[in-house]
Amino acid sequence: MRGIWMAAWVAVVVLACPPAWAADAPVPVRIRVLQGFRQGTPGLPPGLEDLRAQLSATAYVRWEQAGEVQSAMQPKKPVSVPLPGGESVTVTLVESRPGAATFEVSAPASRTQSRVTVAPGKRIVQQVTPERGGSAWFVTIKAGG
Amino acid sequence: MRCAGAAPLLGSRPGELDPTDEALLRAHLSTCPACEARQADLLALSGLVQEGLLAEASLRDLSGLADGVMARIPASAWRGAPAGPLGRLLSFLRHHRVLATASALAPALAALALYLYIGRTAGPGPAGLAIEVTSEDLAAIVLETSDGPVILVGEGSDGT
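For the record, the sequence lines run as chains A and B. The numbering of the first sequence is numbering that gives the first Met the number 0, which starts it at 0 and goes up by one. The numbering of the second sequence is numbering that gives the first Met the number 0, which starts it at 0 and goes up by one.
The set of hints was computed from the structure by calculation and includes no laboratory data. Quick reminder that beta carbons are idealized off the backbone N, C-alpha and C, glycines included. One should not assume that every hint holds.
Which residues of chain A face chain B? A partial, calculated answer using Cβ under 10 Å [stated by the list, open to error]:
| hint | residue |
| --- | --- |
| 1 | K75 |
| 2 | T89 |
| 3 | V124 |
Interface residues of chain A toward chain B, partial, derived using beta-carbon atoms under 10 Å [what the hints assert, rightly or not]:
| hint | residue |
| --- | --- |
| 4 | R51 |
| 5 | Q53 |
| 6 | E63 |
| 7 | Q64 |
| 8 | Q73 |
| 9 | S87 |
| 10 | S109 |
| 11 | V115 |
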C-alpha cells in the first residue's frame with residue numbers, strides 16, 4: 000500500500016515538472032540578417048534557399064545575407080543583433096514551452112515591435128528597417144538552430 | 000529403598016518429589032553414605048550452574064531490552080495502536096485498499112489529463128500561433144507562409 004502511495008505522488012511530481020523545466024531550458028536559436036533589394040537579378044544565394052517560401056512572398060527580388068547569430072537563448076534575456084550601419088535589433092525569447100516558442104523583436108530603426116509565437120522548425124522573417132533606396136534589412140529567427 | 004531405586008531420585012529439587020518418595024529417599028540417604036555423597040555432588044553441581052548463569056546474566060545490560068524489542072516491532076503489526084483521526088484513517092485505508100488505491104491514483108491521473116490537455120491546446124498549429132505587431136509610424140503587414148510568418152513594414156498600402 001505504501002508503494003502505491005509513493006508511486007502515485009512520484010507520478011504527480013514528474014507530470015507537474017516538465018512544463019516548468021521546459022520553460023527555463025535554453026533554446027538554440029539561429030538569427031540571420033538579410034538585405035533585400037527590389038531591383039537586380041532575381042534569385043537567392045545557396046545559403047538562403049531554406050527561406051525561399053517566405054522571401055518569395057515579398058516584393059524584394061534579390062537577397063544577401065549580412066550576418067548571423069547563433070545563441071542558446073534563455074527566456075527573458077534579450078540578444079542584440081547588429082545591423083550594418085550601426086543600428087541593431089533586439090530579439091528576446093519571451094517564453095518557451097513544448098511545441099512553441101514566443102519571440103519578441105524590437106527594431107528601433109522602424110519603430111516596430113513584434114511578438115510572435117512559432118512552432119519548432121518554423122521561422123520568423125521580419126523587416127526591421129524601412130525601405131531606403133530600394134532595399135531593406137530583415138532578420139530571420141528560427142528556434143531549434 | 001535400595002540404591003537402584005534411589006538413584007533416579009537423586010538431585011531432585013526441594014518439593015519436586017511426592018512426600019512418599021521424599022521420605023523413602025531421606026531414609027535411604029541416612030543409611031547409604033555413597034548415595035548421600037552422590038546427592039551432595041548433584042546439589043553442588045546444580046548450585047554452580049545456577050550461580051554461573053546468574054553471573055553471566057548480570058554481566059549483560061538488559062535495561063534497554065524491552066525498548067529494543069518494542070522498537071523492532073513494525074507499526075503495521077499494531078492493531079489499532081495509533082489513536083486519533085490518523086489512526087482511524089489508516090485503519091480505514093487498511094480495510095479499503097481498492098478505495099485507497101483509487102484515491103491515490105486520482106491526483107496522478109488528473110495531473111496527467113491536465114498535462115495532456117495543456118500540451119494539446121498550447122501545442123503547435125496555425126490556430127495556436129499568435130502574432131502581434133506594433134509600429135509607431137509604419138504600416139505593418141503579416142504574411143502567413145508554410146514556413147512561418149513574414150512581417151513587413153512600409154508606408155505604402157502594399158506593405159513594401
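Status of each hint after checking the structure:
no. : hint : in the structure
1   : K75  : 17 Å, violated
2   : T89  : 14 Å, violated
3   : V124 : 4 Å, holds
4   : R51  : 9 Å, holds
5   : Q53  : 5 Å, holds
6   : E63  : 17 Å, violated
7   : Q64  : 16 Å, violated
8   : Q73  : 20 Å, violated
9   : S87  : 17 Å, violated
10  : S109 : 5 Å, holds
11  : V115 : 5 Å, holds
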